[in-house]
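Chemist: Now for the letters of each chain:
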Amino acid sequence: MPEKLLDIKDLNVGYKTYRGVTSVLYDLNLEVNRNETVGVIGESGCGKTTTMKTINQILADNAVIKSGEVNFRGNDVLKMNKKDLVKLRRRYVSMIPQDPTASLNPLFKVKTQMKDILKYSREDGEDLDFKEETIKLFNSVALADPERVYDSYPFQLSGGMRQRVCIAMSLAAPKALLIADEPTTNLDVTIQNQVLRLIGRILDEMNFSAILVSQALGLVKKFVDRIYVFYGGTVVETAITEKIFNNPIHPYTRGLIESTPKLTGGGFSEGIAGQTPDYIEPPSGCRFHPRCPNQSEECKTAKPEMVEIEKDHYVACWRQ
Amino acid sequence: MAENLIEVKNLKKYFEMEAGTVKAIDDITFTIKENEVFGLVGESGSGKSTTGKVLMGIHPPTEGEISFREHDISTPSAKRSKAIKRDMNMVFQDPGGSLNPTKTVLDIVGLPLRIHDMVDGKKEMAKEVYQLLETVDLDPERFMYRRPNDLGQGEKQAVAIARAIATDPSFVVLDEPTSALDVSIQAKIMNILIDLQDEYNMSYLFITHDLGLMRNIADRVAIMYLGRFFEVADSQVFFETPLHPYTKVLLGSFPTTTEEEEKLKPDLKARGEIPSAMDLPSGCKFHTRCPFKEERCIEKEPKLVEVQDDHFVACHLVHGVDDVEYDVEEVEQEEREFEYDVKGIEMRSG
Amino acid sequence: MAEEHNEDKEGFEEDEEKVEEKVEEIFEEREESPWKDALKRRWYRFSRNPLSLVGLAITIISIFLAVFGEYIVPYPEHGGHFRNYPDRFIEPFTNWSYPLGTDNYGRDVLTRTILGFRYSIRMAFVVLSLVVPSGVVVGLVAGYHKDTWVDTLLMRISDIFIAVPPLVLALSITAMLEPEPFYAMMAISLMWWPWYARIAYNNVSSLVNEEFVKSAEIMGDSKLHIMFSELLPNCTGPILTKMTLDAGWVIIIGASLSFVGLGAQPPTPDLGTMVAGGSDYLAHQWWVSIFPAMAISFIILGFNLLGDGIQDAFEESGGGS
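Chains as they are written, first to last, in my numbering: chain A, 2 to 321; chain B, 28 to 377; chain C, 8 to 328.
There could be a bad hint or two in this list.
Stated by the list, open to error - Ranges of calculated distance between the beta carbons of each label pair, as one might list FRET restraints:
hint	chain 1	residue 1	chain 2	residue 2	range
1	C	47	A	298	18 to 24 angstroms
2	C	164	B	305	36 to 42 angstroms
3	C	51	A	298	55 to 61 angstroms
4	B	44	C	172	38 to 44 angstroms
5	C	27	A	298	37 to 43 angstroms
6	C	27	B	176	28 to 34 angstroms
Hints listed in this document are in silico derivations from the structure and should not be mistaken for laboratory results. Glycine residues also receive a C-beta, built at the ideal position from the N, C-alpha and C atoms.
Please work from the sequences and hints to get the whole structure.
Modeler: Shown next, in the form of structure tokens:
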């Protein structure tokens, strides 16, 4: 039995556009072990959604997987045939998407869509009382009027409710790996907490793993064991949660943490200079160097390697 | 003494829909002074966005009065004088939607200048826009002739801000201006907003659901729930010694990243859902989720009352612990100051 | 204005000059940059489908023939009352002098067909120039005033015109008046404009609640300016697409009218008229009708393919990172 549930090695992915082929993911390495929750933080355009979609093989038509491996339970997803991929998505990996509106079919009522999910992803799929199971799931995501939601079309629900329906769908048959891509961005803060705590409980009880992608550092801090910091299509720092927040090393990580406004006051930091890299002609060497306060000549020449700074704490930066 | 720039009295805004009436704003009263940042915080359905839009004249009020420098503006924007429209502006939440995709940055930022005849010809407009782009940290040479599609989210908002201040207004409504932005860009934009407010002597109505943001920009804060104000206070008081249970709940749910913040947070969590605005709870609208709810909370709606110096709260429990001694009618008179038992509330929360 | 906030009054004048220079520079550059990029993007999307390029080629050829036809045809005089009975009904592909054969009067079919392009293209051009501005303005105004009496009035009027089947209306009008190309064009225009009103209306009414419109309103922009300067440019995509596809339709309706004798009269080398003229001889001298008919198809095909390509070019792209 392989130790690692998910092992992404040197992944390179790009997209075809009118200006050429972009190079988004750049020698990306990421691991998820059994029974752990991993956080991915990074701003828009850093490649986090591309990575998640590569795991599930649901990338857009114009995506190009240039090289690398995505090993799930020892098998490379990139080499899987259609049948195995379907099995992967039904039984082993589920995803809470970023945009709930785009993920629910507007022509069918919620109950029909839930029935589909339950039927195909649960072991006992055929024999279930779909309504009962669905109501149970809805209760667990704190949907106030589960019967009404059950019988509604997606357009009749608010954004927050749709998101919770999507979360319920992904929890319908909890799988080995749950990928949550900004699952609570549209939810009110008071509900966010409830929902994330619920997901955490389920993961604990079932010994499942999860990847939580989010920009909300505070949320990620509370709910994950280890964190990967993404920038420019690659990982710049990774460590257990505590170490990332107590001792951030990479200038980008520090910039992110400093930019988060504090409840205790203190004003706003300067932010991080510059903007997201152009993936057609990305910066040479370390992709962060144009924005880095510490940049040096070395930083322009080659991509920094991951170095273990302290136990369970790795940074990719030439200036450490 | 700073003048009152905006005065809002008993404002109500109801929307008639097929399914029923949505009471988006249900009787709020407040003032915004010159040079002040007034923060409006709340979750979805609170009515905070609607408040900004009614102030700007996007929706006319259903009832109540609004005045700007003592001119009545309880009307839709079409009926307001041009001079007033020149003196007020707004920054919207969605950076994409608020910029016309077929126009260049020059045209977008220059539009208010043209509307109010503040420039004579395209060249002069270009000069003004050039300087405005510099104030929002956008390199005019790169951005002046770009179209919104070619801009990043933060850049779009910077353009929206440049446009909002182009006519040198004294009042700007900012409706969740950074919600769609990445955290590092948000910091940059917030800094720009703070500098501008200082330099141009403007007042802001800053609307957001993010308490962390609010802490760092507002002078005074009002928290809104289902169309009503629950608490209004100076920023520091609001965050360090909040009184209303909802305020505490919201603060308690805030995802913090540092130890100090954890210590500041009240340890209170909400239960249940936010009720629909079409089917409002009786009495205090928060009673369905409040950990301290009592009988009187279901029966009677608490009024917003000044319980401390410049600190207003709408909560029965804060108004008076012993309502045996006080007549409930008298409790709701606005001028009185009341003793409140903070310890009593804290004990009940344990 | 912003000047009032410059603290340093002395440095102020230097800044003014610098700004002035910079603005001059940018003014010159501007002709190129934003257009180039947008054009590149549109062209990329347009040219992805090779059929669109075919459509573009065909349309260019058609317009070229319409404009320059008379200068390049072998027998320009065959476009009128020419008679050459000894050479009548020569079969196509048999004689280099008359590659597509001759008709019942001995006139060169190739010449007349090429000359026919002018009438068809002209009809499309005239009709669309009348119909598009008027229809779009009506739709624009109605859409901006959605759900008011202005909307109801304008859109119900346009509904009345839409309700009548186009060919029937055109037939009745030209039958009442004289059978002439001019009246045919007027008739077609009369029942075509509501479609543009509808397209503009749909576009504008969906944009009316967008924040950039609200922003212009709260800043005090005039209604007229908002309609024409803010909203109208956002409708160009669908309107341009429809115009291109419509060109084909107008041409075929025009040809139908000519076919039944209500458009251009013989000996005018209008394609529809020529098809009618040769219909008596379809059995044995098929080429007199068929080549003009193929020309009609050719033109319409060109416009249709071009229209599809334009639709692609103006579609908002998706695809992320």
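Chemist: For each hint, tell me whether it holds in the structure or not.
Modeler: Verification of the supplied hints:
Take residue 47 of chain C and residue 298 of chain A: their Cβ atoms lie about 35 angstroms apart, and the range 18 to 24 angstroms is violated. At roughly 38 angstroms, the beta carbons of residue 164 of chain C and residue 305 of chain B sit within the given window of 36 to 42 angstroms. The beta-carbon spacing between residue 51 of chain C and residue 298 of chain A, approximately 37 angstroms, falls outside the hinted interval of 55 to 61 angstroms. Distance hint for residue 44 of chain B and residue 172 of chain C: a CB-CB separation of about 40 angstroms, consistent with the stated range 38 to 44 angstroms.
Checked against the given bound of 37 to 43 angstroms, the beta carbons of residue 27 of chain C and residue 298 of chain A, roughly 39 angstroms apart, stay inside it. Range check, residue 27 of chain C to residue 176 of chain B: about 29 angstroms between beta-carbon atoms, so the 28 to 34 angstroms window is met.
When held up to the earlier numbered hints, the structure conflicts with 1, 3 and fits the remainder.
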